[in-house]
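Colleague: In the order they appear, the protein sequences are chains A and B. Quick note: the first sequence uses the working numbering, first residue 1, plus one each step. Quick note: the second sequence uses the working numbering, first residue 352, plus one each step.
Read the hints as simulated data drawn from the structure, not as lab findings. Being a predicted model, the structure only gives us computed values, none of them experimental. Keep in mind that a hint or two might mislead.
[Said to hold, decoys possible] Straight-line alpha carbon distances no greater than 20 angstroms define the calculated EDC-like cross-link-like pairs of lysine to aspartate or glutamate that follow:
{"#": "1", "chain 1": "B", "residue 1": "K547", "chain 2": "B", "residue 2": "D614"}
{"#": "2", "chain 1": "B", "residue 1": "K653", "chain 2": "B", "residue 2": "D374"}
{"#": "3", "chain 1": "A", "residue 1": "K294", "chain 2": "B", "residue 2": "E680"}
{"#": "4", "chain 1": "A", "residue 1": "K112", "chain 2": "A", "residue 2": "D37"}
{"#": "5", "chain 1": "A", "residue 1": "K162", "chain 2": "A", "residue 2": "E247"}
{"#": "6", "chain 1": "A", "residue 1": "K294", "chain 2": "B", "residue 2": "E663"}
{"#": "7", "chain 1": "B", "residue 1": "K405", "chain 2": "B", "residue 2": "E576"}
{"#": "8", "chain 1": "A", "residue 1": "K45", "chain 2": "A", "residue 2": "E144"}
{"#": "9", "chain 1": "B", "residue 1": "K645", "chain 2": "A", "residue 2": "D340"}
{"#": "10", "chain 1": "A", "residue 1": "K204", "chain 2": "A", "residue 2": "D258"}
{"#": "11", "chain 1": "A", "residue 1": "K302", "chain 2": "B", "residue 2": "E576"}
{"#": "12", "chain 1": "A", "residue 1": "K176", "chain 2": "A", "residue 2": "D258"}
{"#": "13", "chain 1": "A", "residue 1": "K276", "chain 2": "A", "residue 2": "E348"}
{"#": "14", "chain 1": "B", "residue 1": "K653", "chain 2": "A", "residue 2": "E349"}
{"#": "15", "chain 1": "B", "residue 1": "K645", "chain 2": "A", "residue 2": "E312"}
{"#": "16", "chain 1": "A", "residue 1": "K294", "chain 2": "B", "residue 2": "E681"}
{"#": "17", "chain 1": "B", "residue 1": "K653", "chain 2": "A", "residue 2": "E345"}
{"#": "18", "chain 1": "B", "residue 1": "K627", "chain 2": "B", "residue 2": "D614"}
{"#": "19", "chain 1": "A", "residue 1": "K302", "chain 2": "B", "residue 2": "E699"}
{"#": "20", "chain 1": "B", "residue 1": "K645", "chain 2": "A", "residue 2": "E329"}
{"#": "21", "chain 1": "B", "residue 1": "K463", "chain 2": "B", "residue 2": "D388"}
{"#": "22", "chain 1": "A", "residue 1": "K302", "chain 2": "B", "residue 2": "E696"}
{"#": "23", "chain 1": "A", "residue 1": "K169", "chain 2": "A", "residue 2": "E330"}
{"#": "24", "chain 1": "A", "residue 1": "K294", "chain 2": "B", "residue 2": "D476"}
{"#": "25", "chain 1": "A", "residue 1": "K112", "chain 2": "A", "residue 2": "D258"}
{"#": "26", "chain 1": "B", "residue 1": "K463", "chain 2": "B", "residue 2": "D374"}
{"#": "27", "chain 1": "B", "residue 1": "K645", "chain 2": "B", "residue 2": "D630"}
{"#": "28", "chain 1": "B", "residue 1": "K547", "chain 2": "B", "residue 2": "E598"}
{"#": "29", "chain 1": "B", "residue 1": "K527", "chain 2": "B", "residue 2": "D623"}
{"#": "30", "chain 1": "B", "residue 1": "K589", "chain 2": "B", "residue 2": "E565"}
{"#": "31", "chain 1": "B", "residue 1": "K653", "chain 2": "A", "residue 2": "D258"}
{"#": "32", "chain 1": "A", "residue 1": "K238", "chain 2": "A", "residue 2": "E168"}
{"#": "33", "chain 1": "A", "residue 1": "K302", "chain 2": "B", "residue 2": "D691"}
{"#": "34", "chain 1": "A", "residue 1": "K54", "chain 2": "A", "residue 2": "E329"}
{"#": "35", "chain 1": "A", "residue 1": "K162", "chain 2": "A", "residue 2": "D258"}
{"#": "36", "chain 1": "B", "residue 1": "K653", "chain 2": "A", "residue 2": "E330"}
{"#": "37", "chain 1": "B", "residue 1": "K645", "chain 2": "A", "residue 2": "E168"}
{"#": "38", "chain 1": "B", "residue 1": "K653", "chain 2": "A", "residue 2": "D340"}
{"#": "39", "chain 1": "A", "residue 1": "K302", "chain 2": "B", "residue 2": "D671"}
2 protein chains.
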Amino acid sequence: MAGGVGARFWPYSRNSRPKQFLDFLGTGRSLLQMTYDRMIKLVPKENILIVTNKTYRDMVLEQLPLVTARQVLLEPARRNTAPCIAYAAARVYAANKNGVMVVVPSDHLITKEDEFVEAAAKGLDFVTNHDAILTLGITPSRPETGYGYIQAGQEVENGIRKVKTFTEKPNAELAKVFMESGEFYWNSGMFFWSVKTIRNAFRKFLPDTFAKFEMGHAFMGTDSEQAFIDEYFPSCQKISIDYGVMEHATNTHVLFGDFGWSDLGTWGSLHDVLPKDEDNNAKPKGKSLCYDSKGNIVVVPKGKIAVVQGLENYVVVDSDNALLICRMEEEQRIRQFVNDVSLMENGEEFI
Amino acid sequence: MAGGVGARFWPYSRNSRPKQFLDFLGTGRSLLQMTYDRMIKLVPKENILIVTNKTYRDMVLEQLPLVTARQVLLEPARRNTAPCIAYAAARVYAANKNGVMVVVPSDHLITKEDEFVEAAAKGLDFVTNHDAILTLGITPSRPETGYGYIQAGQEVENGIRKVKTFTEKPNAELAKVFMESGEFYWNSGMFFWSVKTIRNAFRKFLPDTFAKFEMGHAFMGTDSEQAFIDEYFPSCQKISIDYGVMEHATNTHVLFGDFGWSDLGTWGSLHDVLPKDEDNNAKPKGKSLCYDSKGNIVVVPKGKIAVVQGLENYVVVDSDNALLICRMEEEQRIRQFVNDVSLMENGEEFI
């Protein structure tokens, strides 16, 4: 899944260059490329599908030279994850009615790749043999209020447990209880299922979306596929797979582990995973000199220098034609700032 | 005088593009150009001399297209204001032994131009008729500790008074006493004298410098002038006109007024004179959106946007390959920061 816009990372991410296409960690590989590198350890590379927005087609093909145009599924409109997954499932089903799928966002970070690949192989194996929806759960390392939580029930086999409940972003108190209970895991948004299982789930919980892609079955993988998608995809209900399917399904399971995972949802979460200096300042990309400054993330382009004096717990991002300075604890307001900028005269130049 | 480097305005000013050449107020005219515009109201334009560093020659000629190369005096080394003025005086003396001079820095701001021109005309008239060194004093508007103060004595004529004392940057307590006394004026660094008078002063107080330029008299205004200057100027004592001459001379006078003057010595003083929004934020140049922010100066290039949240009394300057964020009350440390940057690997690219 590579269709998001990453507005929370403005001005580093832009409409024309969203989060998954950026080299967030200064490693020389974008998040999308890092995700691809990880998945080819698990899946034959010709079986990888990238679902993205039409406008990002060329960027995907440029960043992933081993991917062919036919492997890139193009959404003509943003409809959240459920239609995205229904489209991918339709394509897999057309190729192999007994196929199994692993679905991953392309803009997350996983630092413990071997642990991830091992767990994911186990997950694929499980859904090959069970009519089960399996999610990858992350052992919580802090009472995070920004994530969804999965409550695990009894073990089915080999570390895989039934899901009791899904809870969207809890408040701080509840998050603390969740964490201390040892029963709750972060919902990573990574899923395993057979096409049969996910088709049944769509048929049951999102029947309109299911019917659309049934109608398109004959076009999948043909030269008419894009025309069909352009016609019917925009009318799909805009809903996430979590709300649309996971919270209703009864055959959901969770496989949990510690994969050094972060959804990199905010500058704060990026700060958490980046290397930091002795004053807890993270300075990826260009050079930065910090004086009397603690707990900041300072991002300037390569070849630029930042001199920062007297800042604590700020996000400082200089990217192209925009500069953002914002308290880290206020970073959820960045979306609003971007909206304000977009309403200025010629504001679209900056977003 | 247009030879300074303006290190305190880094990163907006650079070694290659110092303060006087910059359009500080976003008016479309640099401080040098604004100074020129002011002086041609007072002095025939062919009589204006610009003393600058050799490396800035082309920039002067580009910014002042009405100035000929012969009017630009080129210092091969930085020697502070006394040698600069001795050189200009030598050139004026070679042209006219009875000449009078007005000497002004090219990187100050004067907003009340008519009042200035009127006072300066009076000043030129006074030094035409008296063997007097005359300085322009500024009625203090606050107990500023960053300026030199002139104590005025008895009136000689028409608002022009004898100088009793010069006091360099006083402490806060003394500055307050000075201001309340009504006897003290800020030393603006603008001077009037006849060449005869200033030559006598140099002969008496800086005899080595005087002797050098006496030796060069025959070269002034000829094709050999630059060779002479290149040879002898660097060996002049590095000293300001205030320390070298003004504090010793007995025939010093002061003409004071309110000219909307600022030496623009710091970002703070620039903040004082710029238009500000309702939260006291000054935002010259590019666009800026400020949230929960007060008393800042935010400078981004034209065509760039800054979004600033949660800053009070900061200097934010984004210019080319450098970004500075610094508490305004710590801005005297900018010189040190620039020095630290210069010591980094390839640091000279940034200064």
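Colleague: Now tell me if each hint is right for this structure.
Modeller: For each hint, the structure was consulted:
no., hint, verdict
1, K547/B / D614/B, "28 angstroms, violated"
2, K653/B / D374/B, "12 angstroms, holds"
3, K294/A / E680/B, "19 angstroms, holds"
4, K112/A / D37/A, "13 angstroms, holds"
5, K162/A / E247/A, "13 angstroms, holds"
6, K294/A / E663/B, "17 angstroms, holds"
7, K405/B / E576/B, "14 angstroms, holds"
8, K45/A / E144/A, "35 angstroms, violated"
9, K645/B / D340/A, "19 angstroms, holds"
10, K204/A / D258/A, "33 angstroms, violated"
11, K302/A / E576/B, "46 angstroms, violated"
12, K176/A / D258/A, "19 angstroms, holds"
13, K276/A / E348/A, "34 angstroms, violated"
14, K653/B / E349/A, "13 angstroms, holds"
15, K645/B / E312/A, "17 angstroms, holds"
16, K294/A / E681/B, "17 angstroms, holds"
17, K653/B / E345/A, "14 angstroms, holds"
18, K627/B / D614/B, "19 angstroms, holds"
19, K302/A / E699/B, "16 angstroms, holds"
20, K645/B / E329/A, "19 angstroms, holds"
21, K463/B / D388/B, "13 angstroms, holds"
22, K302/A / E696/B, "14 angstroms, holds"
23, K169/A / E330/A, "18 angstroms, holds"
24, K294/A / D476/B, "59 angstroms, violated"
25, K112/A / D258/A, "8 angstroms, holds"
26, K463/B / D374/B, "18 angstroms, holds"
27, K645/B / D630/B, "5 angstroms, holds"
28, K547/B / E598/B, "19 angstroms, holds"
29, K527/B / D623/B, "19 angstroms, holds"
30, K589/B / E565/B, "18 angstroms, holds"
31, K653/B / D258/A, "47 angstroms, violated"
32, K238/A / E168/A, "18 angstroms, holds"
33, K302/A / D691/B, "19 angstroms, holds"
34, K54/A / E329/A, "34 angstroms, violated"
35, K162/A / D258/A, "18 angstroms, holds"
36, K653/B / E330/A, "27 angstroms, violated"
37, K645/B / E168/A, "37 angstroms, violated"
38, K653/B / D340/A, "19 angstroms, holds"
39, K302/A / D671/B, "12 angstroms, holds"
The structure fails hints 1, 8, 10, 11, 13, 24, 31, 34, 36 and 37 (numbered hints given earlier, in ascending order).
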